[in-house]
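Undergrad: Sequence:
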Amino acid sequence: MGENMKTVKLTAAQALVRYMMAQRVIVDEQDLPLFAGMFAIFGHGNVAGLGEALYQVREEFPTFRAHNEQGMAHAAIAYAKARMRRQMMACTTSVGPGATNMVTAAALAHVNRLPLLLLPGDVFANRRPDPVLQQIENFIDPTMVANDCFKPVSRYWDRITRPEQLITSLPQAIRVLTSPADCGPVTLCLPEDVQAESFDYPVAFFERRYHGQKRPEPDQSELSRALEILSRAKKPLIIAGGGVLYSGAADTLASFAGRYAIPVAETQAGKGSLPWNHDCAVGAIGVTGSTTANELAQQADVILSIGCRLSDFTTGSRSLFQNPDVTL
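Under full-length UniProt numbering, residue 328 is the last one in the sequence shown; the count climbs by one each step, no gaps.
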């Protein structure tokens, strides 16, 4: 640290919570916290460090005690989806089974590109004591613990073995959680001894930061090509996915579809992209879709996919697109 840099001594757990509280977002002209709160089941591995830090700010940052790790993590996903990814929740658990109970939720958030911050307790970084209660022992690789199972289902994963590592890890975590394309679950494993270790953090690290709704512009050549193809279409169909909602483009889609009289079908994640009573709304598409939407997909000569990945559930493993001359 520079000699003139102002610092504040905090435990790693206190620093984590303070940093989370400093992240803000503007929604409908309201200044709101990026993290609406913490779902928690306290136990061996998170109560003395993170639990104490949360208790100290209980009037400013709400903690909701859950009764089931699976349920609370899925509730956090539902909250993020309902808030159109503009706000989110964090979840903390004890070591071992408390943590692994959240793996399915992490996978769900990963597949659906929904922000979810997981803060599972972890075994002692100094390995004193070792093994601890509920630790999964690995006699070949002592660095491998239960929380490694989150790696395949996390967009960003880290184990904080020193309190100062938060200075570089937390901004990376926020970058992923607020990314329009790479959004998904972030797992920060917190060894129980490190949670209580103190460090002189830069005061500037905890300044308020605002995260806007990022809407990257499309490549102009690709956009021109799409417009050219669409202008020649005789039976076009738009498939709207969750990206329409998360980017705040629903009104633009409604205007575009209405102006050019193009029917719009919705994926499961894209439901609500168009009001149900809009003239161009034809309902859901795919395996669980409406007869109207699926018949239009079979006949369409041009399909414009907006904010979706055209998964097999949406396309019926591509069996929906029956027109031999269809252009996607």
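Hints in this document: simulated from the structure, not taken from any laboratory. One thing to keep in mind: the hints can contain errors.
[Said to hold, decoys possible] Mimicking SDA-like on lysine to any residue, the simulated pairs with C-alpha atoms at most 25 Å apart in a straight line are:
{"id": "1", "residue 1": "Lys235", "residue 2": "Pro171"}
{"id": "2", "residue 1": "Lys234", "residue 2": "Gly316"}
{"id": "3", "residue 1": "Lys235", "residue 2": "Asp193"}
{"id": "4", "residue 1": "Lys271", "residue 2": "Glu60"}
{"id": "5", "residue 1": "Lys151", "residue 2": "Val203"}
{"id": "6", "residue 1": "Lys235", "residue 2": "Thr291"}
{"id": "7", "residue 1": "Lys9", "residue 2": "Thr161"}
{"id": "8", "residue 1": "Lys234", "residue 2": "Gly248"}
{"id": "9", "residue 1": "Lys151", "residue 2": "Ala75"}
{"id": "10", "residue 1": "Lys214", "residue 2": "Pro171"}
{"id": "11", "residue 1": "Lys6", "residue 2": "Ala22"}
{"id": "12", "residue 1": "Lys271", "residue 2": "Thr292"}
{"id": "13", "residue 1": "Lys9", "residue 2": "Asp193"}
{"id": "14", "residue 1": "Lys81", "residue 2": "His67"}
{"id": "15", "residue 1": "Lys81", "residue 2": "Ala281"}
{"id": "16", "residue 1": "Lys235", "residue 2": "Thr161"}
{"id": "17", "residue 1": "Lys6", "residue 2": "Glu60"}
{"id": "18", "residue 1": "Lys235", "residue 2": "Ser169"}
{"id": "19", "residue 1": "Lys271", "residue 2": "Lys9"}
{"id": "20", "residue 1": "Lys151", "residue 2": "Ser169"}
{"id": "21", "residue 1": "Lys151", "residue 2": "Arg113"}
{"id": "22", "residue 1": "Lys9", "residue 2": "Arg259"}
{"id": "23", "residue 1": "Lys81", "residue 2": "Gly43"}
{"id": "24", "residue 1": "Lys235", "residue 2": "Lys214"}
{"id": "25", "residue 1": "Lys81", "residue 2": "Val27"}
{"id": "26", "residue 1": "Lys234", "residue 2": "Leu223"}
{"id": "27", "residue 1": "Lys234", "residue 2": "Arg162"}
{"id": "28", "residue 1": "Lys235", "residue 2": "Gly316"}
{"id": "29", "residue 1": "Lys9", "residue 2": "Arg58"}
{"id": "30", "residue 1": "Lys151", "residue 2": "Gly43"}
{"id": "31", "residue 1": "Lys271", "residue 2": "Asn101"}
{"id": "32", "residue 1": "Lys271", "residue 2": "Lys151"}
{"id": "33", "residue 1": "Lys9", "residue 2": "Asp28"}
{"id": "34", "residue 1": "Lys6", "residue 2": "Asp301"}
{"id": "35", "residue 1": "Lys81", "residue 2": "Thr161"}
{"id": "36", "residue 1": "Lys6", "residue 2": "Lys234"}
{"id": "37", "residue 1": "Lys271", "residue 2": "Val203"}
If you're wondering where the values come from, they're calculated on a predicted model, not measured in any experiment.
Undergrad: Work down the list of hints and note, for each, if the structure agrees.
TA: Status of each hint after checking the structure:
1. Lys235 / Pro171: violated (46 Å)
2. Lys234 / Gly316: Holds - the C-alpha atoms of Gly316 and Lys234 are around 23 Å apart, at most 25 Å.
3. Lys235 / Asp193: With Cα atoms ~63 Å apart, Lys235 and Asp193 exceed 25 Å; violated.
4. Lys271 / Glu60: violated (34 Å)
5. Lys151 / Val203: Not OK: Lys151 and Val203 at ~31 Å, beyond 25 Å, violated.
6. Lys235 / Thr291: Since the Cα atoms of Lys235 and Thr291 sit roughly 17 Å apart, the hinted pair holds (cutoff 25 Å).
7. Lys9 / Thr161: The hint holds at about 18 Å.
8. Lys234 / Gly248: Distance ~28 Å between Lys234 and Gly248 Cα, so the pair is violated.
9. Lys151 / Ala75: It holds: about 21 Å lies between the C-alpha atoms, which stays within 25 Å.
10. Lys214 / Pro171: holds (16 Å)
11. Lys6 / Ala22: holds (17 Å)
12. Lys271 / Thr292: Holds - the C-alpha atoms of Thr292 and Lys271 are around 15 Å apart, at most 25 Å.
13. Lys9 / Asp193: holds (17 Å)
14. Lys81 / His67: holds (22 Å)
15. Lys81 / Ala281: holds (22 Å)
16. Lys235 / Thr161: violated (58 Å)
17. Lys6 / Glu60: holds (24 Å)
18. Lys235 / Ser169: Not satisfied, since the Cα-Cα distance of roughly 49 Å exceeds 25 Å.
19. Lys271 / Lys9: violated (47 Å)
20. Lys151 / Ser169: holds (15 Å)
21. Lys151 / Arg113: holds (16 Å)
22. Lys9 / Arg259: violated (59 Å)
23. Lys81 / Gly43: Roughly 28 Å between the alpha carbons, so the hint for Lys81 and Gly43 is violated.
24. Lys235 / Lys214: violated (32 Å)
25. Lys81 / Val27: OK: Lys81 and Val27 at ~15 Å, within 25 Å.
26. Lys234 / Leu223: Holds, at roughly 19 Å.
27. Lys234 / Arg162: Roughly 61 Å between the alpha carbons, so the hint for Lys234 and Arg162 is violated.
28. Lys235 / Gly316: Holds - the C-alpha atoms of Gly316 and Lys235 are around 20 Å apart, at most 25 Å.
29. Lys9 / Arg58: holds (20 Å)
30. Lys151 / Gly43: The hint holds at about 23 Å.
31. Lys271 / Asn101: violated (29 Å)
32. Lys271 / Lys151: Given pair Lys271, Lys151 is violated - Cα atoms ~30 Å apart, limit 25 Å.
33. Lys9 / Asp28: violated (36 Å)
34. Lys6 / Asp301: Given pair Lys6, Asp301 is violated - Cα atoms ~63 Å apart, limit 25 Å.
35. Lys81 / Thr161: This hinted pair is violated, its Cα atoms lying about 32 Å apart.
36. Lys6 / Lys234: It is violated: about 65 Å lies between the C-alpha atoms, which goes past 25 Å.
37. Lys271 / Val203: Violated, at about 43 Å.
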